[in-house]
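**Q** Read off the chains here:
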Amino acid sequence: MFMKTFEENWTAWVDGKLSDAERAEFEASLDDRVAAEAEKNQAHKLGALLREQLQPRAMGNEEFFHHQLRGRIAAEMKESVPRRATAARESWWTIRRLLWTGASSLALFAVCTFFVMREKPTPSQSQYLTQILNARVDPNVSPYATVSIFQTKQDRVTVLWVDGLKSLPPEYATK
Amino acid sequence: MCCRLLVFAAGLGLFCVVIPGARADENVWSGLVVATNAAHQTPTPPEMHQLRETLQRTFGYNQFEVIGQSRKVLQTGEENWLASSKHFSLHVDARGPSRDGYRLRLQLFQDRQVLLETDATLSKSSPLVIKGPQIGAGQLLLLLVVQ
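Residue numbers (numbering that gives the first Met the number 0), protein chains in the order written: chain G, 0 to 174; chain W, 0 to 146.
This is chain W alone, in the form it adopts within the complex (with noise of 0.2 Å):
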């Protein structure tokens, strides 16, 4: 009697202290965008609707296509992937969470070659930009969402 009570005061127990801590499975969005001047623009791919004003008043140009993007659900925050074009590719590689969001080692390559390393804690609501080489009369954009 005095068992099966303690067990159930235990489980109680676990079950106040672990649910209200669970961390919920989140997506990390990357995408490579070309960024470029069009009298006629095309519709913002869905992801970036709430950036497009930020990236407009920030490089000064009004259209932006996606040209490789990944998702992916981080569980432990240790993953690892690839957002790649043609020519570029964004590897991502997770470090673990931080107090609001992920470490992460960006590395952008242009065919085999780096161009650019970075380490960076991503949080949540707060997108990670960078801007990439001049590619014709456009730019490049590396972006990281946390959804």
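Just chain G, with the same shape it has in the complex (with noise of 0.2 Å):
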């Protein structure tokens, strides 16, 4: 086999692992065999006293609820962490599906703004009032007609006034 270091001996000869003959070497090897006596007492009073003390204390009820959720939550993030790695393996937004996600979207948003702008009411009144650009009587029929214009804003009519025109006999106005 192979020698042992003293290290692993001493350990082992506090812990009562030696078998008889190794026990009897390593005492007979010892400088102080009662300081070492001594020692390993210590160590086995100090071994005790950990026992004792490091025993696991029993939990209040908020405790156990604490350690239960806890263990719960270590549980689920374990389980998660596969899951998020498939994920990103095979993700469900193929360069397809988002073209055709994207295109569908389109369409629905046009199909939508069409049918607001239909329904929406086309105002009832233009900013704009007719406008007369010129206006021209010829002089040789009606030498002393003139031309005016005029808008009435409230009521949104332009009227060319045009006086001086030959009156004309009543039988003019039939259909």
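The hints are simulated quantities; they were obtained by calculation from the structure and are not laboratory data. Beta carbons are placed, not taken as given, at the ideal position from N, Cα and C, and that holds for glycine. Watch out, some of these pointers could steer you wrong.
Said to hold, decoys possible - 27 Å max Cα-Cα, derived BS3-like pairs, lysine-lysine:
| hint | chain 1 | residue 1 | chain 2 | residue 2 |
| --- | --- | --- | --- | --- |
| 1 | G | Lys174 | G | Lys152 |
| 2 | W | Lys71 | G | Lys3 |
| 3 | G | Lys16 | G | Lys3 |
| 4 | G | Lys152 | W | Lys85 |
| 5 | W | Lys123 | W | Lys71 |
| 6 | G | Lys39 | G | Lys3 |
| 7 | G | Lys16 | G | Lys44 |
| 8 | G | Lys165 | W | Lys85 |
| 9 | G | Lys174 | W | Lys85 |
Stated by the list, open to error - Listed next, the stretches of chain W that the computed footprint assigns to chain G, with coverage defined by at least 3 CB atoms under 8 Å from CB atoms of chain G:
| hint | region |
| --- | --- |
| 10 | 70-82 |
| 11 | 123-131 |
Stated by the list, open to error - Chain G regions said to be covered by chain W (calculated; three or more residues, Cβ under 8 Å):
| hint | region |
| --- | --- |
| 12 | 126-138 |
| 13 | 155-166 |
Put the two chains together into one complex; each comes in its own frame, and the hints tell you how they fit.
**A** Here's what the structure looks like:
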């Protein structure tokens, strides 16, 4: 076999793990047997004390609940890590699906826009009034005719007012 | 696959651009009206309901009789038409859409003689009224309304 170091033998001796022959041999090799025994006793006492003090304490209800909760969170986190890894490997958003989704969204937007704009009441009044750009009366037919233009903003009516045209008899009012 | 998507997207784009800007066909009513004062008024033609008060206030007559009229649906804005009575006719030559209506050239004929010529931009919701010659105790009025 192989030679154990002094520390290994010491530890085994303190723990009582050496065989009789080994123990006798090791004890014979000790310079100060009394001090070693004292130290061994101290180690035993310390071990007993630690075993006594480090016993798991009985938990109250609240602590027990927290303990259970932490345990569940830890378990779920362990589960979610592989799931995320799988999602990264196989995403549902393929290029094709992305394109189709984008196109469908645009189509939906266009249809909604169309209906919204169709239902929107058109303004009843435009901001522009009718404009007379020019007016001409034949001077040979009506030499004294004058033309004026005005707008009634309230009624939004543009009037081309022609005076001086030749008056006509009532029969000209026939259909 | 990509081609189909591109065609689809192009169609959609066209739809989005064209539909909102589409101009509906509009109806222009042109009328030759004789305004008079009468003790017993006859009902005003429906085309003139909105204008009645304005005409009454502006010209001082209380009765309006349509002696000639025309309704034209404008599709290109470059149509022309005629509203006529026995002795008068109003020739309207539309010369294309303007910012908010149509550019028009108007000619008023008495029999075959041109009494008046004018260029105007007829706006929607803003009627045009032209005061024509005196006829007996009444007045000839020319009306143009985008309906």
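**Q** Are the hints correct? Go through all of them and say.
**A** Going through the hints against the structure:
Annotation: proposed proximity of G:Lys174 to G:Lys152 is violated, straight-line Cα distance about 32 Å (limit 27 Å). The suggested pairing of W:Lys71 with G:Lys3 is violated, with an alpha-carbon distance near 118 Å, which exceeds 27 Å. Of the pairs offered as hints, the one joining G:Lys16 and G:Lys3 holds, with about 13 Å between alpha carbons and a cut-off of 27 Å not exceeded. Simply put, G:Lys152 and W:Lys85 have alpha-carbon atoms about 34 Å apart, too far for the 27 Å limit, and the pair is violated.
For the suggested pair W:Lys123 and W:Lys71, the alpha carbons sit about 14 Å apart, so the restraint of at most 27 Å is met. For the hint pairing G:Lys39 with G:Lys3, the CA-to-CA distance comes to about 19 Å; that is within 27 Å, so the pair holds. With a CA separation close to 17 Å, the supplied pair G:Lys16 and G:Lys44 stays within the 27 Å bound. For the given pair, G:Lys165 sits about 18 Å from W:Lys85 by alpha-carbon distance, which is consistent with the 27 Å threshold.
Between the alpha carbons of G:Lys174 and W:Lys85 the distance comes to roughly 5 Å, so the proposed pair stays at or under 27 Å and holds. Coverage of the region 70-82 of chain W by chain G is violated [criterion: at least 3 residues with CB-CB distance below 8 Å; count 0]. Taking a C-beta to C-beta cut-off of 8 Å, the region 123-131 of chain W contributes 9 residues in contact with chain G, enough for the three needed, and the coverage statement holds. Coverage of the region 126-138 of chain G by chain W holds [criterion: at least 3 residues with CB-CB distance below 8 Å; count 12].
Under the rule that three or more residues need a Cβ within less than 8 Å of chain W, the assignment of the region 155-166 of chain G holds, with 11 such residues.
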